[in-house]
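These are the residues of each chain, in order.
Number of protein chains: 2
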Amino acid sequence: MELTIERATKLQTKPNWSDLTFGTTFTDHMFVMDYEVGKGWYDARIMPYQDLPLSPAAVVLHYGQTVFEGLKAYKDDAEEIFLFRPDENMKRMNDSCERLCMPTFDGQFVIEAMKQLIEIEQDWVPEVDGMALYIRPVMYATEAHLGVSPSKQYRFIILLSPVGSYYAEGINPVKIAVESQFVRAVKGGTGAAKTAGNYAAALKAQEVAEKEGYSQVLWLDGREQKYIEEVGAMNVFFKIDGKIVTPELNGSILPGITRKSVLQLLRHWEMDVEERRLSIDELLEAAKNGTLEEAFGTGTAAVISPIGELFYKGEKTVINNNEIGPVAKKIYDTITGIQSGDVEDPFGWRVQVI
Amino acid sequence: MELTIERATKLQTKPNWSDLTFGTTFTDHMFVMDYEVGKGWYDARIMPYQDLPLSPAAVVLHYGQTVFEGLKAYKDDAEEIFLFRPDENMKRMNDSCERLCMPTFDGQFVIEAMKQLIEIEQDWVPEVDGMALYIRPVMYATEAHLGVSPSKQYRFIILLSPVGSYYAEGINPVKIAVESQFVRAVKGGTGAAKTAGNYAAALKAQEVAEKEGYSQVLWLDGREQKYIEEVGAMNVFFKIDGKIVTPELNGSILPGITRKSVLQLLRHWEMDVEERRLSIDELLEAAKNGTLEEAFGTGTAAVISPIGELFYKGEKTVINNNEIGPVAKKIYDTITGIQSGDVEDPFGWRVQVI
Numbered sequence: 001m002e003l004t005i006e007r008a009t010k011l012q013t014k015p016n017w018s019d020l021t022f023g024t025t026f027t028d029h030m031f032v033m034d035y036e037v038g039k040g041w042y043d044a045r046i047m048p049y050q051d052l053p054l055s056p057a058a059v060v061l062h063y064g065q066t067v068f069e070g071l072k073a074y075k076d077d078a079e080e081i082f083l084f085r086p087d088e089n090m091k092r093m094n095d096s097c098e099r100l101c102m103p104t105f106d107g108q109f110v111i112e113a114m115k116q117l118i119e120i121e122q123d124w125v126p127e128v129d130g131m132a133l134y135i136r137p138v139m140y141a142t143e144a145h146l147g148v149s150p151s152k153q154y155r156f157i158i159l160l161s162p163v164g165s166y167y168a169e170g171i172n173p174v175k176i177a178v179e180s181q182f183v184r185a186v187k188g189g190t191g192a193a194k195t196a197g198n199y200a201a202a203l204k205a206q207e208v209a210e211k212e213g214y215s216q217v218l219w220l221d222g223r224e225q226k227y228i229e230e231v232g233a234m235n236v237f238f239k240i241d242g243k244i245v246t247p248e249l250n251g252s253i254l255p256g257i258t259r260k261s262v263l264q265l266l267r268h269w270e271m272d273v274e275e276r277r278l279s280i281d282e283l284l285e286a287a288k289n290g291t292l293e294e295a296f297g298t299g300t301a302a303v304i305s306p307i308g309e310l311f312y313k314g315e316k317t318v319i320n321n322n323e324i325g326p327v328a329k330k331i332y333d334t335i336t337g338i339q340s341g342d343v344e345d346p347f348g349w350r351v352q353v354i
Numbered sequence: 001m002e003l004t005i006e007r008a009t010k011l012q013t014k015p016n017w018s019d020l021t022f023g024t025t026f027t028d029h030m031f032v033m034d035y036e037v038g039k040g041w042y043d044a045r046i047m048p049y050q051d052l053p054l055s056p057a058a059v060v061l062h063y064g065q066t067v068f069e070g071l072k073a074y075k076d077d078a079e080e081i082f083l084f085r086p087d088e089n090m091k092r093m094n095d096s097c098e099r100l101c102m103p104t105f106d107g108q109f110v111i112e113a114m115k116q117l118i119e120i121e122q123d124w125v126p127e128v129d130g131m132a133l134y135i136r137p138v139m140y141a142t143e144a145h146l147g148v149s150p151s152k153q154y155r156f157i158i159l160l161s162p163v164g165s166y167y168a169e170g171i172n173p174v175k176i177a178v179e180s181q182f183v184r185a186v187k188g189g190t191g192a193a194k195t196a197g198n199y200a201a202a203l204k205a206q207e208v209a210e211k212e213g214y215s216q217v218l219w220l221d222g223r224e225q226k227y228i229e230e231v232g233a234m235n236v237f238f239k240i241d242g243k244i245v246t247p248e249l250n251g252s253i254l255p256g257i258t259r260k261s262v263l264q265l266l267r268h269w270e271m272d273v274e275e276r277r278l279s280i281d282e283l284l285e286a287a288k289n290g291t292l293e294e295a296f297g298t299g300t301a302a303v304i305s306p307i308g309e310l311f312y313k314g315e316k317t318v319i320n321n322n323e324i325g326p327v328a329k330k331i332y333d334t335i336t337g338i339q340s341g342d343v344e345d346p347f348g349w350r351v352q353v354i
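Chains as they are written, first to last, in full-length UniProt numbering: chain A, 1 to 354; chain B, 1 to 354.
Simulated from the structure, these hints should not be mistaken for laboratory data. The reader is advised that the hints may include incorrect statements.
Copies of the same chain look alike in the list, so a pair counts if it fits in one copy or across any two.
[To be verified] Subject to a maximum C-alpha distance of 16 Å in a straight line, what follows is the list of computed EDC-like cross-link-like pairs (lysine to aspartate or glutamate):
1. LYS226 / ASP333
2. LYS152 / GLU207
3. LYS187 / GLU224
4. LYS204 / GLU98
5. LYS14 / ASP87
6. LYS226 / ASP281
7. LYS204 / ASP95
8. LYS72 / GLU88
9. LYS72 / ASP123
10. LYS72 / GLU127
11. LYS152 / GLU79
12. LYS39 / GLU270
13. LYS72 / ASP129
Extracted from the complex, chain A is given alone in its bound form (with noise of 0.2 Å):
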């Protein structure tokens, strides 16, 4: 397919790096590419950003069929820029896709169209250590027609949005409640895709932490709030008497890529690592007796977020003094070392964009 660029007339004046918060600030252009069923995939463009035209009939609105991915472009010292897996993002948005009963598509040609945009907007990369470029590929079904059946039109968007560090103020762990009532997601449903209802139900539970003073909630299993998932939209890591312990994909979980990351880090140092399932009486009896040596969570944005404390049925338990461990530490200067171009890439991890 042909890709057909479109200039903005006017730019934007960029911002001032420090004062970026994220996902409000958007580049002057976007990817973006259609589908028809019958026809396949067709008019792939770059254009400028701009908002675009909805029916308010549009099959997404309604019924929810829209998946999407997260991934950055980093900047380094050389000023080349480069991207992190972005084959792992295309093919967990594909495996969204099937999930959502929604077209899948050429992940090479995506992440040709991907860098042609970001070279065009190679100003809007952070030069800043820490900061990056957030990219939000986003996929969602634009038929007007209110039946309960898959849409048979879709809209295929690219966004680029600058980022701010996310540590700008150095690492601090975080204070997580853990969650008894409400429910991310259940085996069967659709917690292993990337799509915006496994979001919106997250919502509710995210609101009640915070007004508790909690920045995160743990969640829990739908069968049996049991074992343990997830924490807020991270996947979650425990050091556990020596060994590393996460919950094994199971079907409600995402497949994260920095998850996928740091479980191929810690067994390339040959660390003791086991992806199971863990309960969270487990998990607090290990606290208690004193093996719960880590906590913390994994994700693009922040990479590895330190857990400090975790509330559940009215008692608190410290983890690690409350400060980032040993392990978490050396993930999360070694990835980020990856990103920037600081640390040798021993896994073919990074992309080059330009």
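Since the structure of chain A is provided, determine the placement of chain B on it from the hints.
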């Protein structure tokens, strides 16, 4: 709040009523109002039906903050137009808003706006028996913001769509596959809210069932996949050994307005009614010993949809000789009779538009 009206300069030619397919034809006008945190609801207007601009970063497209309703307007023999229990739709929509961290609204104001819109579009309400004007209120998050938190801006829309007779060829019972892989909703999730994610999650199961020759799936609970919840996008009722049984509202089942009306009718008729947990095993056992007398779904679209066959774990169970049962028939005749004005309405369910 004031309601402004902008009339379409050119009206569409009305379609041939007998050619209508559900949810693809829209009338000439729609209702729109907007919301912003700190400002509240504003700019309520009736305007020409059209596509609306939406940011590609709008929260609804990424995180699924959207809720909707469905109801119908009926024209009786005197050419008067009536709604069926619109207050119940407004109440449920506000409940859905609470669950999705969306702003609530004044239901009475929206009903008045709905009436004005229908009055303008009165020629779009089919006069043919069994046909109606479908009304779709929908509210969705419009703020351009990729952070995972509730949107600060929303849009509320009412669309009107004339719909054909659901049973143009007579009421034929449907074949249903009991779903044992996919899950629609789970306790603690969003199943009791009328929100997009529930429908997105359901599409895959529907696709698989259709390929195997079944028109809908019977949903089991997300915790044990043992207890009956809904059928397709409808609530479900069974007549077992003379009693009418329907799953109790447990937090993952949609509180249907047709369901509520059916329960009121049955109790009005002094029939034995039970709202309780009902396992698929109990149901199939009843079928085996000859006490499963009827099965039917209830919803706004079909009112009553008799179930003629169930398929579960390789076995087919035929119900009531694959015919509509006397209770289902009596409920259907009574509710559609009240809706069309042919049967007395002792409950005050009809609300006059003009």
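Quick rundown of the hints versus the structure:
For the identical chains of this complex, LYS226 and ASP333 are neighbours neither inside a copy (33 Å) nor across copies (47 Å), given an alpha-carbon limit of 16 Å. Taking the shortest Cα distances, LYS152 and GLU207 sit within 16 Å of each other only across copies (14 Å), while inside one copy they are farther apart (35 Å). For a Cα distance limit of 16 Å, the shortest separation of LYS187 from GLU224 qualifies both inside one copy, at 11 Å, and across copies, at 10 Å. Taking the shortest Cα distances, LYS204 and GLU98 sit within 16 Å of each other only across copies (8 Å), while inside one copy they are farther apart (27 Å).
With identical chains, the CA atoms of LYS14 and ASP87 are never at most 16 Å apart, being 29 Å at best within one copy and 50 Å at best between copies. Only within a single protomer do LYS226 and ASP281 lie at most 16 Å apart by alpha-carbon distance; the minimum there is 8 Å, versus 26 Å between protomers. For a Cα distance limit of 16 Å, the shortest separation of LYS204 from ASP95 across copies, 13 Å, qualifies, whereas the shortest one inside one copy, 27 Å, does not. For the identical chains of this complex, LYS72 and GLU88 are intra-copy neighbours only, at 13 Å inside a copy versus 46 Å across copies, given an alpha-carbon limit of 16 Å.
Taking the closest pair of Cα atoms, LYS72 and ASP123 come within 16 Å of each other only inside a single copy of the chain (15 Å); across copies the shortest separation is 53 Å, beyond that limit. In this assembly of identical chains, the alpha carbons of LYS72 and GLU127 lie at most 16 Å apart only when taken from the same copy (13 Å versus 57 Å across copies). Neither within a single protomer nor between protomers do LYS152 and GLU79 lie at most 16 Å apart by alpha-carbon distance, with minima of 43 Å and 37 Å respectively. Proximity of LYS39 and GLU270 under a CA criterion of 16 Å is satisfied in neither setting, with 49 Å inside one chain copy and 57 Å between copies.
Taking the shortest Cα distances, LYS72 and ASP129 sit within 16 Å of each other inside one copy (13 Å), while across copies they are farther apart (58 Å).
When the structure is compared with the earlier hints, violations turn up for hints 1, 5, 11 and 12 and for no others.
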